[in-house]
Amino acid sequence: MTGNFWNEVLLYGPGFLEASYTVFGITILTIAVSWGFGLLAALAQRSKFRAVRMAAAFYIWFVRGTPTLIQVFIIYFGLPQIGIRLSPFAAGVIALGVNSGAYVAEIIRGGLSAIPRGQTESALALGFSPAETMRGIVLPQVFRIILPSITNEAISTLKNTSLLSTITVVELTLYAQTLIASTFRPFEFYIAVAVIYLVLTTILTTLASWLERRYANLG
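Take 82 as the starting number for the sequence shown in my numbering and just add one per residue.
If you're looking for bench data, these hints aren't it; they were derived computationally from the structure. Mixed in with the good hints, there may be bad ones.
Unchecked claim - The following label-pair restraints were derived from C-beta to C-beta distances: (1) Gly217 x Gly146: 32 to 38 Å; (2) Arg131 x Gly159: 26 to 32 Å; (3) Gly146 x Leu121: 15 to 21 Å; (4) Tyr102 x Ala206: 29 to 35 Å; (5) Leu207 x Thr282: 41 to 47 Å; (6) Ser290 x Leu91: 46 to 52 Å; (7) Gly217 x Arg266: 22 to 28 Å; (8) Thr259 x Arg127: 42 to 48 Å; (9) Tyr296 x Arg134: 27 to 33 Å; (10) Leu121 x Ser203: 38 to 44 Å; (11) Asn88 x Arg294: 39 to 45 Å; (12) Arg166 x Val133: 41 to 47 Å.
Remember, it's a predicted structure, so these values are computed and weren't measured experimentally. Where a beta carbon is used, it is the ideal one built from N, C-alpha and C, also for glycine.
Whole structure, please, built from the sequences with the hints as guidance.
So this is what it looks like as structure tokens:
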């Protein structure tokens, strides 16, 4: 059984490697998109304009209250009805980025709340602009505070890439399903996918641990 298992997996190793590259690429792009959406939504919640605060609150409420898979379908299948057509890859990145961004926004909001307001007031009194204060004083501290939580969200994003098999993105899950359809060996290939995801999440976790130690040393 063990020999057959490795023979089956190694035979299709190059395909699994290519699918892993796709997963990792989607994850990196999605993290970038989610951090952008998350930061904008977190700052919007602190806006002095009520309409902006309400828009941010609605975005977070809607995304966190609906299934990720439905959001993927809305982006990929729904947007073409209003004239916006995206490739499966682009739709997947945007859908997962928008989804993760709502959770990142709440993480950032918690980090911002942990920074004493006196720091901002002191920086403004010294002549810093609000943008300079946020960029140079507040956000570096926030990043250190939220790093463990944002790492967990990044790992969740990586695992959510498996949902993109439903819109024909050839990532690990869809590649495995293709092999299973022709070989009728679901056990081997789903185990292989699980192991690859474990490797990828371990890489992200190791990177996050290194960043935490680095920031701890800087502090």
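- Task: Quick one: which hint numbers does this structure break? Sort them smallest to largest.
- Result: 4, 6, 7, 10, 12
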